[in-house]
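> Here's the letter readout for the chains.
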Amino acid sequence: MKLDIKNENGRSIALLSGEIDHHNAREIRTELDRYIISVQPPELVIDLKNITFMDSSGIGLIMGRSKLMKEWGGRLEVREPQPYIKRVLKLSGIERIVRIT
Amino acid sequence: MKIINEIKFTMPSLSVNEGAARAVVSSFLIQADPTVEELSDIRTAVSEAVTNAVVHAYRGSKGVIELTVRLLPDRVIYIRVKDKGCGITDIKQAMEPLFTTAPEEERSGLGFSVMESFMDKLTVRSAAGKGTSVTMRKKLKSHGD
Chain A
1 MKLDIKNENG RSIALLSGEI DHHNAREIRT ELDRYIISVQ PPELVIDLKN
51 ITFMDSSGIG LIMGRSKLMK EWGGRLEVRE PQPYIKRVLK LSGIERIVRI
101 T
Chain B
1 MKIINEIKFT MPSLSVNEGA ARAVVSSFLI QADPTVEELS DIRTAVSEAV
51 TNAVVHAYRG SKGVIELTVR LLPDRVIYIR VKDKGCGITD IKQAMEPLFT
101 TAPEEERSGL GFSVMESFMD KLTVRSAAGK GTSVTMRKKL KSHGD
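Taken in sequence, the protein lines are chains A and B. What the first sequence shows, in the numbering used here, is residues 1 to 101, in sequence order. What the second sequence shows, in the numbering used here, is residues 1 to 145, in sequence order.
It is worth saying that the hints were derived from the structure and are not from the lab. Treat the hints loosely; a few may be bogus.
So these bits of chain A aren't anywhere near chain B, every CB distance computed over 10 Å [said to hold, decoys possible]:
1. D21
2. I37
3. V39
4. P42
5. K49
6. D55
7. G60
8. R75
9. E80
10. R87
11. V88
12. L91
13. R99
14. T101
Incomplete in silico selection of chain A near chain B, CB under 10 Å [to be verified]:
15. A25
16. E77
17. R79
18. I97
Here a beta-carbon is modelled for each residue, glycine too, at the ideal position from N, C-alpha and C.
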C-alpha cells in the first residue's frame, strides 16, 4: 500500500496504490488524517486509479475522511475508481455525500 | 453433492490474513477461468467475510478462521468462512445495511450487503459463544454465455 500526496492548483491530491482492505485501511487513515489535520486543505481528492482492490473498508475510509474535511468546510472528491471498485461505491450510496469523478 | 475440487485453509484471526485469504481464493479459482468481474466479486465477498471474523468473532483475543473453497458441478463456486468466536446474537440485525458494532473502527456496516449483492446465495449460521459460519455460492458464466 502506498500513499503520495501532492498539491495541484491549490487542491491536495492523495494518490493511493495497492489494495484497500480492513488491514491496510488503518495505515492509510493514519497518514491521511495526519496530513488533513496539519494542512486543513480546502479540497482533497482521493485518487483511486492505482487501487487494484477495495472492499467496504474503503467505504469507511472515505466516509471518515469526508466527515473530517467537513469539520472546517473542506470538500472531498474521489477520482477514477476502477469499474469493480465503482460497484462497491455504488452499493454503499456514498455518491450522495462524496463527489465521484 | 459432488465436489470437483476443494481447498481448506486455516489461519489465525490476524487482519493481515484478509489479503492472504483473497490470494488463496484467486489461486484456486484459476482452474475455473472466471471473468475478471466474477473473480473480483468473489474476492470482495471473501474479504468481507474474513474481515467480519477478524473484527467481530474474536474481539480482544485471537482465534482460528477456516476458509473452504469448492468447485462444484455446473461451474458453481462454494465458499465457507467459519470461526469459533463469540457468534452473532441477532443475525437479521447484523445483516441490515449500515448496521455495525464497530463504528470506532470506521466499519461501514456493509459487509453482508456486499456479500449478498456480489454472490448468488448467502447463508449465515451462528450460535452465541460457539461461532459463525458464512456460506456463499456463485455460478460462473459458461464460456459460451
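> Each hint: holds or not?
To see whether the hints hold, each was checked on the structure:
1. In this structure D21 of chain A is not separated from chain B by more than 10 Å, as the shortest Cβ-Cβ distance comes to only about 5 Å.
2. At roughly 16 Å from the closest C-beta of chain B, the C-beta of I37 of chain A stays outside 10 Å, upholding its exclusion from the interface.
3. With a closest Cβ-Cβ approach of about 21 Å to chain B, V39 of chain A is found to remain outside the 10 Å limit, as its non-interface label requires.
4. A cut-off of 10 Å between C-beta atoms confirms that P42 of chain A is not in contact with chain B; the least separation is 23 Å.
5. In this structure K49 of chain A is separated from chain B by more than 10 Å, as the shortest Cβ-Cβ distance comes to about 16 Å.
6. The Cβ of D55 of chain A sits about 4 Å from the closest Cβ of chain B, inside the 10 Å cut-off, so the non-interface label is violated.
7. For G60 of chain A, the condition that its CB be more than 10 Å from all CB atoms of chain B is violated, with the nearest at approximately 4 Å.
8. Every Cβ of chain B is farther than 10 Å from the Cβ of R75 of chain A; the closest lies at roughly 19 Å, confirming the non-interface assignment.
9. At roughly 17 Å from the closest C-beta of chain B, the C-beta of E80 of chain A stays outside 10 Å, upholding its exclusion from the interface.
10. Look at R87 of chain A: its CB is around 8 Å from the nearest CB on chain B, not clear of 10 Å, so calling it non-interface is violated.
11. Residue placement check: V88 of chain A does not keep its beta carbon more than 10 Å from all beta carbons of chain B (closest about 7 Å).
12. Distance check for L91 of chain A against chain B: the nearest CB is about 6 Å away, which does not clear 10 Å, and the non-interface claim fails.
13. A cut-off of 10 Å between C-beta atoms confirms that R99 of chain A is not in contact with chain B; the least separation is 18 Å.
14. Every Cβ of chain B is farther than 10 Å from the Cβ of T101 of chain A; the closest lies at roughly 21 Å, confirming the non-interface assignment.
15. Contact between A25 of chain A and chain B, as hinted, is supported at the beta carbon level, the nearest pair being about 7 Å apart and thus within 10 Å.
16. Because the closest C-beta pair between E77 of chain A and chain B is about 19 Å apart, greater than 10 Å, the hint is violated.
17. With a cut of 10 Å, the hint placing R79 of chain A at the interface with chain B is violated, because the nearest CB-to-CB distance is about 20 Å.
18. Taking 10 Å as the C-beta contact cut-off toward chain B, the hint placing I97 of chain A at the interface is violated, the least distance being around 12 Å.
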